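So the chains spell out like this:
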Amino acid sequence: SQKIEQNSEALNIQEGKTATLTCNYTNYSPAYLQWYRQDPGRGPVFLLLIRENEKEKRKERLKVTFDTTLKQSLFHITASQPADSATYLCALDSFSGGYNKLIFGAGTRLAVHP
Amino acid sequence: EPEVTQTPSHQVTQMGQEVILRCVPISNHLYFYWYRQILGQKVEFLVSFYNNEISEKSEIFDDQFSVERPDGSNFTLKIRSTKLEDSAMYFCAGKNGQRSTDTQYFGPGTRLTVL
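Line order of the protein sequences matches chains C and E. Heads up, the first sequence is in this note's numbering, so the first residue is 1 and it goes up one at a time. Heads up, the second sequence is in this note's numbering, so the first residue is 1 and it goes up one at a time.
By construction, these hints were calculated from the structure, which means they are not laboratory data. Fair warning: this is a prediction, and the values are worked out from it, not measured in the lab. Among the hints, erroneous ones may be present.
The calculated lysine-lysine pairs, modelled on DSSO-like cross-linking and capped at a C-alpha distance of 27 Å, are [unchecked claim]:
| # | chain 1 | residue 1 | chain 2 | residue 2 |
| --- | --- | --- | --- | --- |
| 1 | C | Lys55 | C | Lys3 |
| 2 | E | Lys42 | E | Lys57 |
| 3 | E | Lys42 | C | Lys63 |
| 4 | C | Lys17 | C | Lys59 |
| 5 | E | Lys57 | E | Lys78 |
| 6 | C | Lys71 | C | Lys17 |
| 7 | E | Lys57 | C | Lys59 |
| 8 | C | Lys63 | C | Lys17 |
| 9 | C | Lys3 | C | Lys63 |
| 10 | E | Lys42 | E | Lys83 |
| 11 | C | Lys3 | E | Lys57 |
| 12 | C | Lys71 | E | Lys42 |
| 13 | E | Lys42 | C | Lys3 |
| 14 | C | Lys71 | C | Lys55 |
| 15 | C | Lys57 | C | Lys17 |
| 16 | C | Lys57 | C | Lys71 |
| 17 | C | Lys71 | C | Lys59 |
| 18 | E | Lys42 | C | Lys57 |
Pair by pair, the computed Cβ-Cβ distance ranges are [claimed, not checked]:
| # | chain 1 | residue 1 | chain 2 | residue 2 | range |
| --- | --- | --- | --- | --- | --- |
| 19 | E | Thr13 | C | Arg42 | 16 to 24 Å |
| 20 | E | Ile38 | C | Gln14 | 30 to 38 Å |
| 21 | E | Asn52 | C | Arg58 | 18 to 26 Å |
| 22 | C | Leu70 | E | Arg80 | 25 to 33 Å |
| 23 | E | Asn52 | C | Thr22 | 36 to 44 Å |
| 24 | C | Pro40 | E | Ile60 | 34 to 42 Å |
| 25 | E | Ser27 | C | Asn7 | 38 to 46 Å |
Calculated Cβ distances over 10 Å to all of chain C for the following chain E residues [unchecked claim]:
| # | residue |
| --- | --- |
| 26 | Val24 |
| 27 | Asn28 |
| 28 | Ile60 |
| 29 | Asp63 |
| 30 | Gly72 |
| 31 | Leu115 |
Virtual Cβ for every residue (Gly too), placed ideally from N, Cα, C.
Here chain C stands alone, though its shape is the one from the complex (with noise of 0.2 Å):
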């Protein structure tokens, strides 16, 4: 079956660095693969999603990338600031005949710290 890795648990980083997450997956090949952010009691917020013939894509200080051969995706966050302390989830589409549900990794608990 599908199955998403997000190998780090937790990452502590300092202010104004840069936080680079991993995200891993295995007997898939999906078209797409997004980024949700997750704080603490609430729901997953999208924020970016990367179709497989794209290498790389941004959005303010996010990059995300994707490499289908390694089956591997990176999330950076540049200049790193205390407010982007949460837990973020990688996710993959799943179509399989329903309406794309999402398969999430556990996650990776981001910790900014000034």
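Start from chain C and add chain E according to the hints.
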């Protein structure tokens, strides 16, 4: 900006009781979903719903679960006889298109505690 709303924010119930979790999706959304997240675990898909029918359900979504959209606005998840292991955050989500690139918008969740 329109938002998905869910009520209640927290529901406490006794094992064996029925609960109904309510969601009001964004008005132009056509595709609806329920996900759940047990404390400390992944967000998991439960069910997708389109055109007043279930389009897909996971193995978690057994006969104790049902969904409906009775009045064209509310989207509900019912658990007939709750178990301890149903304790989780339940998230409603929706989107307005079928494409994979159409964003799913999530509600704030209902925390269900089964005692």
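Hints, verified against the model:
Pair hint Lys55(C) plus Lys3(C) holds up; C-alpha atoms about 21 Å apart against a cutoff of 27 Å. Taking the CA atoms of Lys42(E) and Lys57(E), the gap is near 17 Å; set against the 27 Å cutoff, the hint holds. At roughly 23 Å between alpha-carbon atoms, Lys42(E) and Lys63(C) fall within 27 Å of each other, so this suggested pair holds. A hinted pair counts as satisfied when its Cα atoms are at most 27 Å apart, and Lys17(C) with Lys59(C) qualifies at roughly 17 Å.
Taking the CA atoms of Lys57(E) and Lys78(E), the gap is about 14 Å. The hint holds against a cut of 27 Å. Only pairs whose Cα atoms come within 27 Å are accepted, and Lys71(C) paired with Lys17(C) is accepted, the gap being roughly 26 Å. At roughly 33 Å between alpha-carbon atoms, Lys57(E) and Lys59(C) are farther apart than 27 Å, so this suggested pair is violated. Among the hinted pairs, Lys63(C) with Lys17(C) is consistent with the structure: their alpha-carbon atoms are about 14 Å apart, no more than 27 Å.
For the hint linking Lys3(C) to Lys63(C), the alpha-carbon distance of about 23 Å falls within 27 Å, and the restraint holds. At roughly 19 Å between alpha-carbon atoms, Lys42(E) and Lys83(E) fall within 27 Å of each other, so this suggested pair holds. Distance restraint check for Lys3(C) and Lys57(E): the Cα-Cα separation of roughly 18 Å lies within the 27 Å cut-off, and the hinted pair is therefore satisfied. Distance check on the hinted pair: Lys71(C) and Lys42(E) sit about 20 Å apart at the alpha-carbon level, within 27 Å; holds.
The suggested pairing of Lys42(E) with Lys3(C) holds, with an alpha-carbon distance near 12 Å, which does not exceed 27 Å. Between Lys71(C) and Lys55(C), the direct Cα distance comes to roughly 12 Å. Compliance with the 27 Å bound is thereby established for this hinted pair. Pair hint Lys57(C) plus Lys17(C) holds up; C-alpha atoms about 19 Å apart against a cutoff of 27 Å. With a CA separation close to 16 Å, the supplied pair Lys57(C) and Lys71(C) stays within the 27 Å bound.
Distance check on the hinted pair: Lys71(C) and Lys59(C) sit about 22 Å apart at the alpha-carbon level, within 27 Å; holds. Restraint check for Lys42(E) and Lys57(C): the C-alpha separation of about 25 Å stays at or below 27 Å, so the hint holds. Remark: the range hint 16 to 24 Å for Thr13(E) to Arg42(C) is upheld by a beta-carbon distance near 22 Å. A beta carbon spacing of about 32 Å between Ile38(E) and Gln14(C) agrees with the range 30 to 38 Å that was offered as a hint.
At about 40 Å, the CB distance of Asn52(E) to Arg58(C) disagrees with the hint of 18 to 26 Å. Against the hinted window of 25 to 33 Å, the Cβ-Cβ separation of Leu70(C) and Arg80(E) comes to about 45 Å, which falls outside the hint. For Asn52(E) and Thr22(C), the hinted distance range of 36 to 44 Å is satisfied, since their beta carbons lie about 40 Å from each other. As the Cβ distance of Pro40(C) to Ile60(E) is approximately 23 Å, the hint placing it in 34 to 42 Å is violated.
Under the hint 38 to 46 Å, the C-beta atoms of Ser27(E) and Asn7(C), about 39 Å apart, fit the expected range. Against the 10 Å criterion, Val24(E) stays outside the reach of chain C, whose nearest CB is about 14 Å from its own CB. For Asn28(E), the shortest C-beta to C-beta distance to chain C comes to about 16 Å, beyond the 10 Å cut-off, and the non-interface label holds. For Ile60(E), the non-interface assignment is confirmed: its Cβ lies about 12 Å from the closest Cβ of chain C, beyond the 10 Å cut-off.
At the 10 Å boundary, the C-beta of Asp63(E) stays outside the reach of chain C, the nearest C-beta of that chain being 19 Å off. Distance to chain C confirms Gly72(E) as a non-interface residue, since its nearest Cβ pair spans about 18 Å, more than 10 Å. With a minimum CB-CB distance of about 20 Å to chain C, Leu115(E) clears the 10 Å threshold, and the non-interface call stands.
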